[in-house]
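Trainee: The residues making up each chain are set out below.
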Amino acid sequence: MTQPSEAHDRCEGSESSEGLILRARGLVHRYGRAAKAVDALHGVDLSVRKGEIFGLLGPNGAGKTTTIRILTAQLAPTAGEAMVAGCDVVRDRRELHRRIGVVFDTPNLYDALTGRQNLVFFADLYGAPLGRIAALLERVRLTEAADRPFKGYSKGMKQRLGLARALLVEPQVLFLDEPTSGLDPASAHDVRALIREVADRGITVFLTTHLMELADQVCDRMAILYSGSVKALGSPRALKMAHGAPELVVRFEGGEVARLPLGGAETPSRVAALLERGGVQTIATEEPTLEEVFLSLTGSALR
Amino acid sequence: MKSSTERRPGGLAVLLGKEVNVGLRSASLYLLVGLPIVVSLVMRVVLSGGGTKPPKLAITGQAEPALERVVTELGRGPKAPVRLAPVRDEAQGRALLAKGKIQGLLVLGPDFDSELAAGRRPLARLYFDEAGGTSAFSLHPVIRELLRMQARQQEPARLEVKGIRGISPWQAMLPAWVVMVLLATLTLMPTSLASERQTKTLQAVLVTPIGLGEFVTGKALYGVLVGLVGGIAVLGVNLARVGNIALVIVLLCLGAALATLLGLLVGLLVESPQAASGIATGLYVPLLWGAFFADLSGVVGALSRMTPSFHLAHGLRQALYSQGSFSSMWLTLAGLGAATALLGLLCVWALRRAEQRM
Numbered sequence: 572m573t574q575p576s577e578a579h580d581r582c583e584g585s586e587s588s589e590g591l592i593l594r595a596r597g598l599v600h601r602y603g604r605a606a607k608a609v610d611a612l613h614g615v616d617l618s619v620r621k622g623e624i625f626g627l628l629g630p631n632g633a634g635k636t637t638t639i640r641i642l643t644a645q646l647a648p649t650a651g652e653a654m655v656a657g658c659d660v661v662r663d664r665r666e667l668h669r670r671i672g673v674v675f676d677t678p679n680l681y682d683a684l685t686g687r688q689n690l691v692f693f694a695d696l697y698g699a700p701l702g703r704i705a706a707l708l709e710r711v712r713l714t715e716a717a718d719r720p721f722k723g724y725s726k727g728m729k730q731r732l733g734l735a736r737a738l739l740v741e742p743q744v745l746f747l748d749e750p751t752s753g754l755d756p757a758s759a760h761d762v763r764a765l766i767r768e769v770a771d772r773g774i775t776v777f778l779t780t781h782l783m784e785l786a787d788q789v790c791d792r793m794a795i796l797y798s799g800s801v802k803a804l805g806s807p808r809a810l811k812m813a814h815g816a817p818e819l820v821v822r823f824e825g826g827e828v829a830r831l832p833l834g835g836a837e838t839p840s841r842v843a844a845l846l847e848r849g850g851v852q853t854i855a856t857e858e859p860t861l862e863e864v865f866l867s868l869t870g871s872a873l874r
Numbered sequence: 005m006k007s008s009t010e011r012r013p014g015g016l017a018v019l020l021g022k023e024v025n026v027g028l029r030s031a032s033l034y035l036l037v038g039l040p041i042v043v044s045l046v047m048r049v050v051l052s053g054g055g056t057k058p059p060k061l062a063i064t065g066q067a068e069p070a071l072e073r074v075v076t077e078l079g080r081g082p083k084a085p086v087r088l089a090p091v092r093d094e095a096q097g098r099a100l101l102a103k104g105k106i107q108g109l110l111v112l113g114p115d116f117d118s119e120l121a122a123g124r125r126p127l128a129r130l131y132f133d134e135a136g137g138t139s140a141f142s143l144h145p146v147i148r149e150l151l152r153m154q155a156r157q158q159e160p161a162r163l164e165v166k167g168i169r170g171i172s173p174w175q176a177m178l179p180a181w182v183v184m185v186l187l188a189t190l191t192l193m194p195t196s197l198a199s200e201r202q203t204k205t206l207q208a209v210l211v212t213p214i215g216l217g218e219f220v221t222g223k224a225l226y227g228v229l230v231g232l233v234g235g236i237a238v239l240g241v242n243l244a245r246v247g248n249i250a251l252v253i254v255l256l257c258l259g260a261a262l263a264t265l266l267g268l269l270v271g272l273l274v275e276s277p278q279a280a281s282g283i284a285t286g287l288y289v290p291l292l293w294g295a296f297f298a299d300l301s302g303v304v305g306a307l308s309r310m311t312p313s314f315h316l317a318h319g320l321r322q323a324l325y326s327q328g329s330f331s332s333m334w335l336t337l338a339g340l341g342a343a344t345a346l347l348g349l350l351c352v353w354a355l356r357r358a359e360q361r362m
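Note that the protein sequences, when read in sequence, are chains A and B. The letter at position 3 of the first sequence is residue 574 when you use the working numbering, and the numbering goes up by one with no holes. The letter at position 56 of the second sequence is residue 60 when you use the working numbering, and the numbering goes up by one with no holes.
Only chain A is shown next, with the shape it has when bound in the complex (with noise of 0.2 angstroms):
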């Protein structure tokens, strides 16, 4: 097994002379064996720069988990390789696990232990200082119900917990697996928060979800990913705009509406048209939204 100290001596600094702080190139990962093998991933590449917020977005079985946990040397890649803040995913998995954090899609602490004795044994093990658990708690707002057997958490404050150990090492990388699914309105938004508040610290986040909302809301660059393999890459602006088209919506009182082509030649005299016809309640421009995007990308919609 690899020495921490040859680790860490192989580990290169944090981020590349292009300021990536990710790089996976070709990762394939193949599931079974022979004749029954599945490829959950076909060649994926991703690059993901230091303090941004990357999504990665796809329905459920796109290879979503499967490229997170080859990223947080979970699993091994069947080909390809990756660095995470300097590490090598494979060779140097015990270094790269002192620099990132990880939420599970599923919080998975010790029920029979309180919130603040998961905080501390999860601090052991990273050698992390316990006098950061009080803190950490207080930003996850969780000070009150940290002497509560875990078991007793509802699934918003499990998940907030989860994002508090995950910062116990003030990490390089912060991976988040389906960071808000099954979680109430209220309590996703409360995530939706700490994130960007962690982003904001310099901290880079990388987060897989299938809800478009979250990605458009708080990636700043995000990358489509469908049958194990990238459709598009870039931030959820660009994608709209690369992938659909503006368009000029035009309703009227008895409900009809007309979409026309932002950009189009003839679109101001086939509006001056319509209000000439009269009965026009409200017109409005509206971008393509990642559904649309993830439609037209893959042909299939995205839920």
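No lab work stands behind these hints, which were simulated from the structure alone. Worth double-checking, as some hints may not be accurate.
What the hints assert, rightly or not - Beyond 12 angstroms from chain B on every Cβ pair, some chain A residues (computed):
{"hint": "1", "residue": "591"}
{"hint": "2", "residue": "599"}
{"hint": "3", "residue": "645"}
{"hint": "4", "residue": "651"}
{"hint": "5", "residue": "680"}
{"hint": "6", "residue": "717"}
{"hint": "7", "residue": "728"}
{"hint": "8", "residue": "761"}
{"hint": "9", "residue": "802"}
{"hint": "10", "residue": "831"}
{"hint": "11", "residue": "833"}
{"hint": "12", "residue": "867"}
As the list claims (entries may be wrong) - For lysine-lysine, the following DSS-like pairs were computed, each having C-alpha atoms within a straight-line distance of at most 30 angstroms:
{"hint": "13", "chain 1": "A", "residue 1": "621", "chain 2": "A", "residue 2": "802"}
{"hint": "14", "chain 1": "A", "residue 1": "607", "chain 2": "A", "residue 2": "811"}
{"hint": "15", "chain 1": "B", "residue 1": "105", "chain 2": "B", "residue 2": "60"}
{"hint": "16", "chain 1": "B", "residue 1": "60", "chain 2": "B", "residue 2": "103"}
{"hint": "17", "chain 1": "B", "residue 1": "204", "chain 2": "A", "residue 2": "722"}
{"hint": "18", "chain 1": "A", "residue 1": "607", "chain 2": "A", "residue 2": "726"}
{"hint": "19", "chain 1": "B", "residue 1": "204", "chain 2": "A", "residue 2": "607"}
{"hint": "20", "chain 1": "B", "residue 1": "204", "chain 2": "A", "residue 2": "726"}
As the list claims (entries may be wrong) - Now the in silico label distances, taken between C-beta atoms and shown as ranges:
{"hint": "21", "chain 1": "B", "residue 1": "350", "chain 2": "A", "residue 2": "806", "range": "50 to 60 angstroms"}
{"hint": "22", "chain 1": "B", "residue 1": "30", "chain 2": "A", "residue 2": "806", "range": "17 to 27 angstroms"}
{"hint": "23", "chain 1": "B", "residue 1": "345", "chain 2": "A", "residue 2": "806", "range": "58 to 68 angstroms"}
{"hint": "24", "chain 1": "A", "residue 1": "723", "chain 2": "B", "residue 2": "173", "range": "26 to 36 angstroms"}
C-beta: ideal position from N, C-alpha, C; glycine also.
For this one, chain A is given, so just place chain B on it according to the hints.
Mentor: For chain B alone, kept in the frame of chain A given last:
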């Protein structure tokens, strides 16, 4: 941003602490460790006779005083074969018997003494409560013996009685209860591993600097600790006399390690919690047989004597009661050590396999 942390990352001590912390809040630990302790105490009371009183017997008829003397000679207090209840006549005796106040009524005929002296066989009628089966069983041979003694008057030889410190039935059984508590970890370990997989806490620990090997080693240390503490508790609450304490500790450690490693092996190879629990129970039962049924004849006894639990119980018996030494028990120790080492190697193999599958 700092990548290093201010404290040294925790290892086995932290993992062991967590196991103890979680384990102390688990009902299954108390059940699996507490049950053998409680049963051993109950069996001690039952087998040492402290919980049962000798049946009450009333005697009416001519030879009553002589028989009473014989009963008195046989013993007093809880060791006496019967306790005598005074009755006026047969009618009162039968009434007491019907009320359950006495368990037996011995009625001797009017010429009992003279017929006995003449060498004939006089009639003695014994009434007993049919509902109290154990009383009937115990009364019958006692009364036959009383009458036999009464008839001979004279002992054929002088008998000198001396007490020696032997092994009572409960003492002989005590090592088996110790083995039972050691085997608790065989069922605790797969359940614990399966639970960590199911609730994904294992996944959470494995994204810290801790590896699967350390994680499993932490569980193994906890298992040995549970077995050791449980074994000492069984011996302690029974106030067992210990001939060779070092040998007892070594045997407890070997037994706890053996059961823990077997449990971990099952937990590492079988991912389904239900299947792991079923397999562990399937192993637990025959191993327990080894400790309890080795004295039986036939296949069960022969198979029981082939189990490590038999050798463990046998070794403990020697170490507790016979001043057994390391040199006199090298074969038992070597066998148990080899079985433990083999299971350890199998666990390493299963661990590598599990790591590759992750």
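Trainee: What are the numbers of the hints the structure violates, in ascending order?
Mentor: Hints 3, 5, 14, 18, 22 and 24 not satisfied by this model.
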